[in-house]
Amino acid sequence: MTGSGERPAVLVYRHRGAPSRALHEICAGAEEEGVPTEVVDAPDGGDVIALAHAAALASRLDVGIGVDVSGAAAVHHGKLPERNPAATAGPDASPADWRRAGRIGARVVKGLPLTEGPRP
Amino acid sequence: MGGPGPAGPPGRLVVGVDIGNSTTEACLASIGPDGSVSYLGTDLTRTTGVKGTPDNTAGALTAIRGTLARSGRRAGEVRTVLLNEATPVISGLAMETITETIITESTMIGHNPTTPGGEGLGVGTTRSIDELGEQSPGERVVCVVPHGWDFDDVAAAVDAAGRSGVEVVAAILAGDDAVLVTNRLVRPIPVVDEVAAVEKVPLGMLAAVEVAAPGRTIRTLSNSYGLATVFGLDPAQTRQVSPVARALTGNRSAVVVRTPTGDVTDRRIPVGELVLRGAGKTLRVDVDAGAEAIMDVVGRAQPLDDAHGEPGTHVGGMLAQVRDTMADVMDLPGQPAVPVSEIAIRDVLAVDTFVPSEVRGGLAGEVALENAVALAAMVRTSRSRMQLVADLVSEGLGAAAEIGGVEGEMAVGGALTTPGVDRPVAVLDLGGGSTDAALLTREGECTAVHVAGAGELVTKLIDSELALGDREVAESVKWFPLAKVESFFHIRHEDGTVQFFDDPLPPHAYARVVVLTPDGPAPVGTRHGLDHVRRVRREAKRRVFVVNALRALRQVAPGGNLRALEFVVLLGGSALDFEIPDMIADALAPHGIVCGTGNVLGTEGPRNAVAAGLVRAYAAGPARAVQDATT
Chain A
1 MTGSGERPAV LVYRHRGAPS RALHEICAGA EEEGVPTEVV DAPDGGDVIA LAHAAALASR
61 LDVGIGVDVS GAAAVHHGKL PERNPAATAG PDASPADWRR AGRIGARVVK GLPLTEGPRP
Chain B
1 MGGPGPAGPP GRLVVGVDIG NSTTEACLAS IGPDGSVSYL GTDLTRTTGV KGTPDNTAGA
61 LTAIRGTLAR SGRRAGEVRT VLLNEATPVI SGLAMETITE TIITESTMIG HNPTTPGGEG
121 LGVGTTRSID ELGEQSPGER VVCVVPHGWD FDDVAAAVDA AGRSGVEVVA AILAGDDAVL
181 VTNRLVRPIP VVDEVAAVEK VPLGMLAAVE VAAPGRTIRT LSNSYGLATV FGLDPAQTRQ
241 VSPVARALTG NRSAVVVRTP TGDVTDRRIP VGELVLRGAG KTLRVDVDAG AEAIMDVVGR
301 AQPLDDAHGE PGTHVGGMLA QVRDTMADVM DLPGQPAVPV SEIAIRDVLA VDTFVPSEVR
361 GGLAGEVALE NAVALAAMVR TSRSRMQLVA DLVSEGLGAA AEIGGVEGEM AVGGALTTPG
421 VDRPVAVLDL GGGSTDAALL TREGECTAVH VAGAGELVTK LIDSELALGD REVAESVKWF
481 PLAKVESFFH IRHEDGTVQF FDDPLPPHAY ARVVVLTPDG PAPVGTRHGL DHVRRVRREA
541 KRRVFVVNAL RALRQVAPGG NLRALEFVVL LGGSALDFEI PDMIADALAP HGIVCGTGNV
601 LGTEGPRNAV AAGLVRAYAA GPARAVQDAT T
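Going down the list, the sequences are from chains A and B.
Numbering follows the working numbering, with no gaps: position 21 of the first sequence is 21.
Numbering follows the working numbering, with no gaps: position 263 of the second sequence is 263.
Bound conformation, chain A alone:
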């Protein structure tokens, strides 16, 4: 792993072969919220939640996202217990789900509600 934690960013750990569309959407979701991301190649092994947790621990913003080869994703905060991610998207995740995962990661950083409430 290289480049992790050098500048404040949400770290996105991807397994080898993770769909590039997933990475594209996740990074777009965070960018729309104005939070930088950094994609890092992670070694194989471990599920997507463990991956996200490792990313969160390495991130200077305490927030990480993991993506595996199936496109499943998890969003994590470094202070949360490893098995309690902030959000997950299954292997059947759509581009909208990936975009949402990126947005949730950014919103954890910004201290905003993770899902939109009803309009005021």
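Hints were generated in silico from the structure; no laboratory data involved.
Any given hint might turn out to be false.
[What the hints assert, rightly or not] DSSO-like mimics (lysine-lysine), calculated; alpha carbons at most 27 Å apart, straight line:
id	chain 1	residue 1	chain 2	residue 2
1	A	Lys110	A	Lys79
2	B	Lys484	A	Lys79
3	A	Lys110	B	Lys484
[As the list claims (entries may be wrong)] Pair ranges (Cβ atoms, derived):
id	chain 1	residue 1	chain 2	residue 2	range
4	B	Gly250	A	Gly78	48 to 58 Å
5	A	Lys79	B	Gly592	32 to 42 Å
6	A	Ser94	B	Leu369	30 to 40 Å
7	B	Phe500	A	Arg16	32 to 42 Å
8	B	Asp159	A	Ser94	27 to 37 Å
Every residue gets a Cβ at the ideal spot worked out from N, C-alpha and C, and that includes glycine.
For this one, chain A is given, so just place chain B on it according to the hints.
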């Protein structure tokens, strides 16, 4: 000693039972030969059935048996059970919106997307992104992007247009892509996104798009003269667009499209007249005149005999609905239906409120705060079937049962068992449907009044003003203090105190405003901040309970003079609220009144006043002495 019971002093055992709208309370006491009262225990259970109906029997028996069991007594020892004569008062609520905002010809997009892009003001002609290539060089264009466009492609198309001399000055997007598009442009422009009905934006029209810097609000489109400058309007036209400017105040981004007859109107909805009959007069008031005008007229028609709404108008429908609901509540199976004409509305409380509602003609789900009037109406009926309940209780328990007194008087008697209270004393019973006041003078005279509006109305105001759409959530906002979840492990209470948790808070509560229920923090489904939710909650309580406390006490105070009252004791479910008693005490303090939450028998808090009062009245009753002498 030869007493009937295994424990306690010899004496006659009596049980006072108060059947309320939501709870049934019982108070067990032993009356000594000299009329002295020893209170032995109390119990509380949920009222079964509608107050004043035979269904109440089950709950009454549960409470009686509960207090007997707690005191180690048997039903066979009970001399008599004393029931309250229920105040024949029930109440209903209605709310009517009196303003409406309508956008015609899709002239305005005034929503607040969470993440607009770029900043500044762009003025140009609206064109679809598909036809950017067809524009002539030198034209200034506001680019409209429908659903399905990728942000990379949008940025590329805008840059390409720029290279061919078409100046794209702003963009309106359907999706949530504004920042992504702006970040990819060679020359950033203001972009408003999340415009759901973007296909309705009129094309080929002059439009202005404004996005303010983060933390700021728009300055030009929310200013009537800014609009006049942008669109070159004359004074008459400026007057016409001023509602647009007003509607956009406080937004971070906005779009205004200049169409031939497009408009934003702020219409008052005629809702009809309220007709109040009382004090030998018949008075009329327009409901859209607002709560203050209505309450002024209600005050002049005191005591109110009845209230009607003008037939065929909103208010007519509103009061008819209240009346019908009450007829339904009073109807009992196997009994002739209660004639609606028998139901007289004896008090009305009007409260100004606002209802966030979606703007008609809006393109992005814009919400406007519309003015509304909430009405609580109170009905008196001649029907009470408490004697039947007493008979059924007697049968079920195997002991005598009778009506021991009228609610208001009994409540004052019970309140007098609060340490530090003396005559003249007034009680305020803060209930669910009505706020009741009773006064006991130094000479022992008692007067009682009931005014419309109490806890239910507070819940309804909170529900509609925060657009919660969920009565249970509104109820919890009313009952519990607020906090903001600041991290997965800590919350900040509304007074600023920080509290940490060992286990992480659930993600759906993260960064949200929560109510601190006994089961833990529960998120409130609103985008408003904690301060706003708190203000809505306190204002709802003030407009109902503080207003009604003053209204009810003025009606029982000698000469309507609050200074003539000395002690005011707060009773009822809402006296357990964490802030209502303080708000009322603050409002009464300038009148030199001692006001606080009751502590019946020195132990029961604001509960059990009527039940304790029934026992007290029984012990003091002259009729009782005669009867007891003969037994």
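Against the earlier hints, flag every one the structure doesn't satisfy and list their numbers going up. 4 and 5
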